[in-house]
Structures are given as structure tokens and as C-alpha cells.
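Number of protein chains: 4
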Amino acid sequence: MVSSKFNGISNLSNPSIKDILSTLAERGRSLLDLDRYSGDPEKNLRLLCDDLLSMAGEASGVAMAQQVIVVYQSLGDEQKGKFFQWMQSEYGPDEDRLNAAIAAYEDNASDQTLNNINRESEPRRHELLRRLNLAPGGTAALVSMRADLLKHLKSHPQLSIVDNDFQHLFSSWFNRGFLVIKRIDWHTSAAVLEKITQYEAVHAIRDWRDLRGRIEPSDRRCYAFFHPALEDEPLIFVEIALTRETTRAIAPVLSESRDYIDARDATTAVFYSISNCQPGLKGISFGSFLIKQVLENLKGDLPDLKNFVTLSPVPGFMKWLNALPDQELGIDTQEKCEMFRSGLSNPDWCQDAEKVEDMEQIIRPLAARYFLYEKKKGKPLDPVARFHLGNGASLERINWLADMSENALKQSAGIMVNYRYIPKDIEKNHELYVTRDEVVAANRVGRVLKKR
Amino acid sequence: MVSSKFNGISNLSNPSIKDILSTLAERGRSLLDLDRYSGDPEKNLRLLCDDLLSMAGEASGVAMAQQVIVVYQSLGDEQKGKFFQWMQSEYGPDEDRLNAAIAAYEDNASDQTLNNINRESEPRRHELLRRLNLAPGGTAALVSMRADLLKHLKSHPQLSIVDNDFQHLFSSWFNRGFLVIKRIDWHTSAAVLEKITQYEAVHAIRDWRDLRGRIEPSDRRCYAFFHPALEDEPLIFVEIALTRETTRAIAPVLSESRDYIDARDATTAVFYSISNCQPGLKGISFGSFLIKQVLENLKGDLPDLKNFVTLSPVPGFMKWLNALPDQELGIDTQEKCEMFRSGLSNPDWCQDAEKVEDMEQIIRPLAARYFLYEKKKGKPLDPVARFHLGNGASLERINWLADMSENALKQSAGIMVNYRYIPKDIEKNHELYVTRDEVVAANRVGRVLKKR
Amino acid sequence: MVSSKFNGISNLSNPSIKDILSTLAERGRSLLDLDRYSGDPEKNLRLLCDDLLSMAGEASGVAMAQQVIVVYQSLGDEQKGKFFQWMQSEYGPDEDRLNAAIAAYEDNASDQTLNNINRESEPRRHELLRRLNLAPGGTAALVSMRADLLKHLKSHPQLSIVDNDFQHLFSSWFNRGFLVIKRIDWHTSAAVLEKITQYEAVHAIRDWRDLRGRIEPSDRRCYAFFHPALEDEPLIFVEIALTRETTRAIAPVLSESRDYIDARDATTAVFYSISNCQPGLKGISFGSFLIKQVLENLKGDLPDLKNFVTLSPVPGFMKWLNALPDQELGIDTQEKCEMFRSGLSNPDWCQDAEKVEDMEQIIRPLAARYFLYEKKKGKPLDPVARFHLGNGASLERINWLADMSENALKQSAGIMVNYRYIPKDIEKNHELYVTRDEVVAANRVGRVLKKR
Amino acid sequence: MVSSKFNGISNLSNPSIKDILSTLAERGRSLLDLDRYSGDPEKNLRLLCDDLLSMAGEASGVAMAQQVIVVYQSLGDEQKGKFFQWMQSEYGPDEDRLNAAIAAYEDNASDQTLNNINRESEPRRHELLRRLNLAPGGTAALVSMRADLLKHLKSHPQLSIVDNDFQHLFSSWFNRGFLVIKRIDWHTSAAVLEKITQYEAVHAIRDWRDLRGRIEPSDRRCYAFFHPALEDEPLIFVEIALTRETTRAIAPVLSESRDYIDARDATTAVFYSISNCQPGLKGISFGSFLIKQVLENLKGDLPDLKNFVTLSPVPGFMKWLNALPDQELGIDTQEKCEMFRSGLSNPDWCQDAEKVEDMEQIIRPLAARYFLYEKKKGKPLDPVARFHLGNGASLERINWLADMSENALKQSAGIMVNYRYIPKDIEKNHELYVTRDEVVAANRVGRVLKKR
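Residue numbers (this note's numbering), protein chains in the order written: chain A, 1 to 452; chain B, 1 to 452; chain C, 1 to 452; chain D, 1 to 452.
Bound conformation, chain A alone (with noise of 0.2 Å):
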């Protein structure tokens, strides 16, 4: 999901995570330096491991955590899967301990005995993950070995219940409760910009001409979630247009161009853009309560906002249509067929008025079943779609030749779809979509649809 194509500074790698981690090492060597560690690192990463958990007290957690940190960073990929690999083997639940307490639970189920099965079942990962928390930078380092070991899932499997553990401990600790939102804009610091800049995933940002672009002026908003212990590291942020009605299309949002309006002119916001920022907390959920944070926060601002909808890409759309049988294409002849997945294949039918209105008499129809009707386990396919609509939007309208950039005529053959975030029908729409599968959309996305 991270965009590297920034030119300004692109060469640069993403600096705070490693300079903390480069900070620790530092002071880690001057703590630590036992004769009791001398081995070499794999041994010492583990040895260190097994100390910080069985340590008693916590006397010296804090510059042993530091070290476990500090060598599992000086580790190659390869000794770092190895590592992996014996966290998984070694350091699951001590299984005699278990089947004693299942014992004890057969023999008298109590909530005693209950409690004991689920504290001896838990894997002694949980506790080592805790206890590496205690050194300075720690849930950097945590969130950045995820990240790592998300590399070796595919070919090492077995490593999921690892990846377990981490998913369990950051579900707890990046509740809610513990995000901060802020705005970002001109006055925040280059660090935590250069990080929006790199982790921008939808449209990417060129420069820092074209970040300005979008943060500085009046009609334009972007907020972050940050968690306090992740200074300077943004977890997700989105990018809004303020402006007069709904758009359409996202050049003009875009365009240096442009014209500016005062932010409390403005009737509509259009959220364009919405970015995870850290591979390693992939999985762990912030953009639906993003969302709805920066809805409120709007309304409070500009009270003259009346209507609040995304300019979403499509990004399942293409890959739907070319599986698709050339008979449910709605199109007359094998030819023709032929011939429409041919020039769709060719970026430059959209340069050709003619051609772009064949294709859209032909596409339109198809994404309307793509949103309305193709489902999997009762969800849409499209998994952008079933991001907003799970949070509670509806399906406003799809709009064509909406993104001409190459990316977008492969992944959607430029279409982009406008959900819209109505308040007061958050609820009932994500109540529906949960539990009835219901899809709630403008009648005009469905009138296209030929009759079935």
C-alpha cells in the first residue's frame, strides 16, 4: 500500500522508525554488553529472549527489551524468517501445563479453572511481545518486525500463528480509544509530511508542490489518526476537496489549475483519497472510525456542509469484466466482442470521442451489475465498495471517464464511484448491509441496467 514514487526525496528511505531503532542500538550497546551475550546474534536473540521472559522482577527489563530490539534489528531477512521460526516453534503455550489445567477444568468446571486454561493456553509470545514493549521505541520496533515478518507469511505458513499473536496484541493497543486525530497541513512538520507524502497509495503525490496543493488551501482538508507511543508516524490518513457539489472526476480535484474557494462557501466535502500508513498494522481497522471522526469534526467546523461523498476508485472492476463471458457482455456479436475487449486493452480509446461512447454504452450497464449484483458471501465484490458500505454509505453514483490515468483505465477502465456518508442513515444502511446483504444505492446507478 505504500506509493515510493516521490521524486523530491524518494531515494531517502522512511527515516523515524529506523532512527529510533538506530538510536536504541546505541545506547543498547552500552547497557548490555555481558559476557553472557557474546555469541553470535541469532544465539543472542535467543538467549536474550528466554531472560526477558523469565525474569522475575522488572529490574532490568527495560535494557533488556532495548537489547532484544537492538539485535533482532542487526539480523539479515534470512536470520530474521529463522527467528521467526523458532518464536513459532519455541514459544507457544507449555503444553503440559495446558493438558493439566484441561484436567483440572474436566474434573471442576469453575471460573478458576477456566481462567487457568485460558492463561496456560495463551502463547508465551504474548508475554515476550508485552515485555519488548517496555524498551524506548518499542511499539516502533514491534510494528516494524510485523512488517517484517508479513514478508515470510507466504512462503513460511506455518508463521500465521505468529502473526497472530502480533494482530491480538495491536487489536488491544491501537483501540480506538488510544488514536489521536489531527489535521494535517502547512505547519505540520516535514517529517510527519514526507510520511504522507511516501504513504499516499490512491493518487500518488508528485512533489511538494503538489502536497501543497492539497493541504494547504482553504477547500482542502487531510487528517490523520496517530498513536501517541508512534510519534511523527501517521496509521492512516484521508484527503478531502471542499467544493460546491459532487465531483465527478478526479483531475479537477487534482489540477494545479484549479479554482480555490473559501472553505465556508463550500456545501460538499469529497473524501478522494483514504491511505494506510504501516504495512505492520495491516489488518487492524482505523478507516471506518476515520471516517466518521472527520465527518464530525467537518460539521463542527463548516456547519454549511450539507453532503459528504467519496471519489472512490474501483479496483475489481477489469479484473470482474475480463472474466466475464463474452455472451453476458450485452453485446450483439462475437465481433463486436472482440473488438470491445480489444480497444479496452488499448489505453487510447479514451482519447477517440466516438469510441468513448461505445464503450460506455456497453460499460455502464456491466458496472451497475458489478455494484448492484455481483456478490460474494452476500458481500460486493468490489473491495472498496464493501469498505463503504460496511461503514454505512451508500452507492451514489458511478461516474465514467472519471480517472484517465493508466493505472485507472486497468483497474477500471477509468470509472470512479461516488458513496455517500448520510448521518442520521449511517446506522440503518450498515444495519442493512450486515444483516441483509442489502446494497442501499441511488435509483439512478441501477436505471442503466437493462432488464434481467
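No lab work stands behind these hints: they were computed from the structure.
Treat the hints with caution; some may be incorrect.
What the hints assert, rightly or not - Calculated cross-link-like contacts (lysine to any residue; reagent style SDA-like; alpha-carbon spacing at most 20 Å):
{"#": "1", "chain 1": "C", "residue 1": "Lys428", "chain 2": "D", "residue 2": "Leu47"}
{"#": "2", "chain 1": "C", "residue 1": "Lys299", "chain 2": "A", "residue 2": "Leu432"}
{"#": "3", "chain 1": "B", "residue 1": "Lys379", "chain 2": "A", "residue 2": "Ser54"}
{"#": "4", "chain 1": "C", "residue 1": "Lys299", "chain 2": "D", "residue 2": "Leu47"}
With chain A fixed as given, assemble chains B, C and D onto it according to the hints.
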């Protein structure tokens, strides 16, 4: 642990958590007054908790968590007690699912089946508490909820299983990695200073003038831990006098007419008071981390500081002494034993120089014995001793006539103790204490002991 | 203007300016102990001032300015007086140069020759004061120096020329453009709150509990102006009660047992106290700007506020009344006149309902006359009236038995006044007041007047 | 002094002062659109200024000052020029009153009559400028107004009298005592960093990557002075490299591929760039104070720093050299002289090792002569030399081939100079420089000089 003797503002109750809650209440009412929750508060609360737990998505989590807290806060003591009992009986693990998980594990022990046992044995209270934290101010509300729970624990010991869940969660959330140390001084906000005054548990702060004398002068320091989600709420704090020698009595430290010195001329930091602030965080230990962090900060700021000692109370001494058989007092006649005991029960003895001397002859050796040889499970009887020695401090000196307040005479016959923290020895002392039950003490401590 | 009756911390003198100076002193000593300045302090001071003024570059300005301040602060009262006299006699303009400039101007009046007169007629004190401000803490030191000067002014009227220079400088430095408004509440630092307590000049703050009651509740506000160079030192502050009606007496405002309302339900902001804080800034006016800024802030925060009134003392009324010839009291016999006057001198009259009524009959018309017709150079006699009417307020109401404190009875027979600020009328009222000497008053004010 | 070569955002003009003004404009319009000011802008402006100056009270000062600024900003260049001329001709002192004051003084010279001359000779512009500062953002507007004025000065030298008034006021307002030093680093806001990039006048900052390399690494520092009334607007800043030896050329300092060191290992601070930011503050000197303050800060942070040197350009060298008669070049034949001069005019010489050596033979002694003996009114010809030597630095070393940028070759034949600041010698050097016109220089500097 919370003193309430502060003159200036004693009638005003602690505002901040209450304030948060009343604001919540107000906002909550407008959010979720659905017909569904129109029953009596107790029923509503259970219904709300059920709904909160069964929520598929996150759409209404924040509002619902808020509502649970609001309704909970509106309950009376007895109703709260019933609510906790209901949590105990209804929100444990689902035993059917657990039994199935156990069966599957016994059939085939694997990471996955192990993990399922852990998941299915987790009481549903865990998830409930995590979801309650979605509400703004949720963390404060949960800490306050546990303080309520602790009050019911004595009369309802079965609630300890619920307390267990709170404690498990708080151990993770109030991990050292999330705590922030702040210096408390005359630039600190009145809101925080008021808490410091209320929570001082060792040497009560009489008024703002007394408070100022402890935090403003150059030769005084005060540090506290804060958690980012509990603004204005110190978790624990320590008060320090910077001096040119190890202080042997408390009165000169607190005297308003004492001489001031420049902090840069100090050689010794005397930790003379450490107080926990949050009853709802009982059992979550911060003290050891705080002392070590403060040591680091002081060494960084004032490189000339060489000695780090405490001036600590001895809360268990008189209790032990009162239970000691007469023949172990080291007094030759029964009559004298009685005189000694009756003399001790009248605090006036310390006004009479002759009596003082007699007392000292008898008590000093007993105090040395109390610290050096009286143990329970291998550790010292005295809780303050266990705390500091367990942190890696050594026993430096037992001070005669060190605190002549009524309370101190009753608890400890007026003795106080200096524990010494020597940065380079902390690990070693801690190790000796934990693994070999050794108390590291200065020679002089044992010298007064009669041969045994 | 500075009250010193605060119980809690009354013996501790105002620290911050002194602290700044003592820190300065310490650093200063190490900087500039040249042999040149080894004489007695008075001589040194003059020598240092001469050197500071004759400095060609800026190289040693900071250190030298610091040293001047340090030595100045070490002087006793009498020596300070002599120093001011020396400033007066020695640091005026250079008359030879001025005479030459005048001659050149008379020879040829031009921008340049005019400018030279201005430059050569500037007392060298101006430059001296500007250079003293180079020192860290210099602004605070100069404000404190002027406070000293004002004490010598009465016995040495010739020093008014020196005071003139301070005032000229401070008018420029404490320009509205440099002032920062801050809300004072329970999150404000103890250091600032202590100042607020000390400086409250209208209704003394008894203790921290009283203070808290004025700044923490939702229906109370307090705002102060600060200058960036005087950290922690409010310049002026105003206390406000948010109510549902215009308050006619002070006791209910300050009562500890009053009912609280939600700020958002308030319709009226009552400015019940405004106090200057810095004796050294006497004559530099901030009040008018503060009131207007606070009006703006309140309107922004609480759009439902409609009325902005003061509840103000009448410091000049009794003085005027005591000087009024008997025949103008509106009392028919000489005997009754005497009874009235002697009754008034005994504050007990306000405990006796009958006397209260008699008094009201007599005093109300006199109070109306005092405000509406008694003038000096066309402006009202009462200084508080001059302040608010000059700011563009109107006279709303004279309140009988509004403040029964001893002081108020003595100053104003217990009456207080509401002045009203109507934002859209402020300019017009101000204009009428300034250009036509008109006092804008509500009809009811004059109604009690007997026909004249 | 303001570079405009920044790629990233070059087309966007400096926002903050403009932004302030446009916000002002907006608010201003709603405040004061009285019929009185309905004429053309120039007339309005004069009327407004007259009204602002004649205002008796402060009631409408803020709004009126705001309006003056708004109208002023709406004027074109030519109109602004006329406005300044009008200020010059109309807002001088009142000559009748001045003449009366002079007559009174000549009749009776006293503190009072002297003071009256000073008051009456003060141009009314002073008071106008002070009152303009009442407006929010007034200080920024006045600084911007003076920048406009400076542009008209050349063609209208009579405006220097107006400039004089600005300068007098700014000297007082931007006194060292009001300036705040801040470290600029990667946590600084983009708004400030953008200014740093725009204002770097010595070694242009190419892009954000270049900027980052100068402020983020541990071995780089940047400090700026700010004024509290000009938020986000640095006044002057200095860039520093921390190294292990005195750097003799600029390229290695700015290289992206240089080696980094840990700041704590550095022995030497190289001040390699110092830039003024505000054209409107021309002539108000901050540089000397900044360098000394930074010296203090660095010594405090990094006690191992021993050497404080600059790496400075020599902007006047080639101009002097070009004007030097051939016979003084130290070259034996006319032909060689011509070769030398023509060689020098082609920047390629420095690519040819042989030429470089020849050049060095000739230029080194001339450079030494330029610094040691070429004076104007007793002070060095070179403006950068005057600045640093006047601050108390000494001339440490002239570096051959130190800056091979086109501009540097043209200005200084590529030489750069190290000036050294030795804290304990600063006063003495400054004294020698000011009073005896002595340039303190290391011996090696003069060694290359042929005997004279």
C-alpha cells in the same frame, strides 16, 4: 491510598474523570435514544452490552460504548455490584465452544488447535472491555469502573475473576512503553497539581503553600508518569529533595523555614515520597520504572549528583513488634517488658530525652533484626522494603527518631529507612534478591545486632 | 492595584521577576567581572551605563546590559533614587548638538534638518533603555525598574521626565499588536494563577477554592493579555460570569453555593472584574482592547450570547456625595440631612429594612445625577464610568444594594452599575462620548431624577 | 537577498504575509464600509490615515488600522509610491508647534522644554506606524510596507526620511530582547522550511532533499531568530556543519554523498551560511546576536566542541582585483598580466591543474593583501569581513579553490575564508577592531605576502 485532607479544596471532589463522564452522558443521550433501550437502566445496560459484543462491524461501536458507560455511571452502588455479578456469570467463555476446541486439540495437537483453545477460553469480558474503550474517555471510565469493582470484591470474592480480566487488560495498556514521564513544578496546571495534592499518600500536603515548597524550589523535584489516554491524571509520582548529605529525618525536608540550596550544588537525591494515584490501577506496577527513569533524568540534568537514596517509612514494624514474644525483646525482666510496651503506646515518650535513649537501646537491634532476618517466603516482611530491595536498592541505614508524626510513631516507632540505589549495582542486587533471597545492606545496619 | 491578601501563599513574594533577576545575577557575575567595575555599586552602575551607551558595536551589549540590571537590582531604595536622579540630570539630550541642529533648521528647514532636531532632542535615556532590553529578561527588569521609579516620583517630581521616557518606550513595546490573549482556567499553570490571585484588585480572591470557582465552572470565564517577553506575567485580566440575565449584585456571582448553568444556555456575559497586574506599566492602557477582544472571542464560542454587560464598582460616588452641599441632597430639613449623613457613615444601615428604603429614596436620584450630569472637562466624574463609556459602552442600570462589603459601602454606598456593550453601537457611542461629551444611558437611569 | 530558485515550489509566491493580508481584507470589509470611505482607494487611504491619527480614544483603532492596511495592499506599485510621498510631505512634524517649542526652550532651557522639542519634532508618521500595528497582523503588514518603500527609494531619494521612521521603529520593536531563537530541523513545519529555502542567500537550496540534508543529520544544525508577532517568518538563520576539522571548501559540506558523523564526536562547528530573510527589515542587525547565541547553545549541547569557525564567501574580492592597477598584481610582464586577467575571466581555468597553480601563485598574496591592508575608513573593504571581524572574530585562513561555483569564481576567484570565533577573545578582538582598526589574523594569513 488517596489522602483527602487537603484544606484548600477538600470539599470539591475529583473533577476530571467525573467531568469526562458527564460530558459523555450529555453527548450520549442525543446519540442513541432508541426505543430498544427504554427499559430500566440495569436491563438497558445488559442489552447494550449484548449489542456491543454482538456488533458485526464498527459502525455504531463508539456510540454504543459511550452509552454503556453513561448508563453504568448512572447506577447506584448496589446496581453496579449486580452488574459485575452479571458480568461474572454471563460473560465468561462459551463452554460448549471451549469443549469442542479441547476435543479438537486432544484429537490433534497443533498450533491451530492450541490457538483455538486460547481463543475459546478467553472470557467474553475481554472483548467487552476492549470495545468499551472505543468511547471517548473510555479508558478513564474503565479505570473508574475497576475502582468500583474493587470495592465489591471483599464481599463478593467470586468477582475476582472479573477483576482478573481488568488487570490483564490494564497490564497490557499501561505497559511502560506507553507511559510518559513529566516533571511536576510550579508551571504545571492547577488541574494536575490538585491531583498530586489529593493523592499524596505518604506525607500529606497541607495546602498550596506546602505544595509549592515541594515543587518550586531549585532543590526539590517531582516527577510523575502519565498515560496519553488519561490527560491530567498522574498515575504515580515521586517527590525528591536535593541535598548535600543523606537525610535522616523527614521534618527538615518538609520544613517551611529550611535553607535552600542551588540544585547544582547538591550531591544527593533523597526520594522521600512515592504515591500511587489511581485506585483503579491497583496491582499494575509503575514504581520501579518511575524510580529508574527519574534516576536517569536526574543524572542527565545534574551530573554532580552521586548518591540516590530514599527516606522511607516502615509501615510493618510495629505490627511485627507487637506480635513479638516478650522474651525476644532483649529486655531482662518481665516488668521492664511491660513498661516498654506501655511506654511505646503513648506517643509522648519521644518528648522525654531519657525515655528516648532507653527506647533506642531496645528498638535499634530489633529494627535491624526486622529488616535483616524477618522474612516471609524468603522476602522481607516490610512491604516498602520488598519494593525497594526488589528494585535493586540496598538497605543503607535505619534512622532513629526520623518521623515523629502520630501515624509514624504508631506504625514504626518513628524509625525511617534509607535505601540506596547505586546505578551500577541495581541489576546485581536485584538478582541476589530474586534468586537468592539476599538483602544487600550496609555493614552498619547489622552492627547493632546482639550476637545471635 | 495589587492585592496581597491571599491567605495560602501570602508570605511568598512574587517570584518570577525576582527569579529572573537572580538567575541573571548569577550568570552576570561570571561574565563581566572586569577590574574596571570594581568600585562601589553606584559608581559601577554609572560607568556601566556610560559604557553601554558608548558601545560602538553590539559585541558586548548583552553581557553589559545584564550587568547593569544586576548591579541596579543590588541597590537599596535610596541608591535607586539617586540613580534615577542621575539618569535625569546626565542622560538628557546633548544640548550643544541640539542647539546646532536648531540653528541648521532655522537656517534651512528641510526634512533632514527637522529630523536632526528630533534625533538630537531625544534624551539619551531612550537609547539606554533600549540597550538594557538586550539582556535576557531585560523587559521584565525594565518594567520592574519603572515600578521603582514610580515610588520615587512623588517626592522627586523632577523624575517625571524620566518616567516619560519609560512610558514612551512601553507604549511602543506593549502595543496591541504584540499582546496575546489567553484564557485562564483550571489548566493554567500555578505560576500564572498565583499572579491572578495576587493582582485581583476589585473583588479579592480569598483562596484557591475561591479562585477555582471563578475559572473552572462552565459558566465562568477569565481572559488575560500577555506579552511574549514577559512569560507567566499577565498584564491585565477580566473575569466574566455567564448568566441568563443581567446580574444586579456581586454576592450571587461570587457565592460558593450558587447554581451552575451550562455555558451554552447562557444569554448574558457579565464582566464583573477587571484588574491591571503590572504597576510598572501604569498608564499603558490595555483594558479597552481586552474587553473588545473578549467580546469577539465569546461571540465566536457561544453564538447564543446576546448581552454583554459589566457589573462595575462606583469608586467616586461617596467622595462626591460627601462634598455635596446639604441643600442639594433633596432632603427637606437640615436635621434629616444630618441624620442621613451620619446614618450613611455607619455601615449597619443596610441591615435595617426601613433605613434601607429611606436611603434608597435619597440616594437613587443622587446617583443618577452623579452619572448623568456631574462632569469634569465634559467627562463623567467617576473613573470607571469614564473607562467604560469611553470604550463605547452605555450606562444600563444603577443597582441599589449591589455590594455590601465594607469597602463598597464606603466608596459607593453599596451601589454598582451595569454598563452595556452593544457591539454595533460601540463606535457610535464612543464617537458621541468623545466628540460631544454625551453619555448614552438607558431611559430608566434618568427616570428617578426629580425634575431639575 | 532572497533567492527564488527553489524548484519544487518556485511558482508559488511567499504565502504567509499575503495570506494574513487577504484574511485581513476579508474581515476588514465587513467592519468599516462606511460611506465616508467610498471614494477611490488613494483618497480613502489618506482619509483613513487622518482619521486613525486623529482618533481620541482607542475604540475603533483596531478596525481602522486594519482598513488602512487592506486599502494599502490593494494599491498598485505607482499608487503605493504616491502614498509614501504623501506620508513624506504631510506627516512630518507640525512646524508651527515645533517653532513654538523651540522658542520656549530658547527662552528657558529645562527638562520640560527640551522634552517638548523632542515631542513636537517627532514626525506624525511615528504615531501612524504605531497605530497601524494595532491591526491583527499589523507587524507583518508594516514589514511588508517597508519592503515596498525600499523599492521606491532609489528613484525617490526624498523618501529616505520616511524610511528613517520605519527603521527607528523597527530598531525598537526587533530589539534582541524580543527575539526568540529556534532550532530548525526536520520537525519544523513546512511553512517555515519553505521560507528557509526561499531565503537562503549564500548557497541556494536546490530542493527538499538538499534542505533535508542540511537540517536533519546529527552533524548539521540550523538556527533562526523569530519575532513573536511574525509567526512562521524567520528573520535570519544560520547553517552549521559539525565536523572534526576546519572545513576549507564548500563542496564537501553540501555533498549528498558525504560521510556522516555523530554530533557528539565533532570538535568543530563550521558556520557555512547566514541569510537574512526579511527585505523589510534591512538595516536592523540580527546577525551578531544570532552567532553569539548559537555559540552559547552549541557549547551547552555539545561540550566537546572546541572550534567555532565560519566558511565565508568573499563577495568583494574580484571587484577590487579588477580595479587594481596591473603593476600591483605582482606579475612581471604586461603580457602576463593580460593573460592572467583574461584567464581569470574564463571559469574553466580551475579545471586545468597547471593554470590553477599559476593562479594560486598570483592570487594568494593579493588575497592576503586584500584582507590585511585594503581598508575604507579604517575597516576592511570586504563586507563579510567587516561583519565577522566586527563581531570579534579573527581571520583564520584564506582557502584556495574553496568554491568553484560560477558565482563564486566571478565574485572571489573561488576563494573562501575561515573566520574564527574564540569565545574568550571576542570582546578583545571587537575592541581592537572598533577602536584601533586592527584586524586580528592568524600568522599564516600574512605569510604569503611578499615583503612590502
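Here's how the hints hold up against the structure:
1. C:Lys428 to D:Leu47: holds, 18 Å
2. C:Lys299 to A:Leu432: violated, 43 Å
3. B:Lys379 to A:Ser54: holds, 19 Å
4. C:Lys299 to D:Leu47: It is violated: about 31 Å lies between the C-alpha atoms, which goes past 20 Å.
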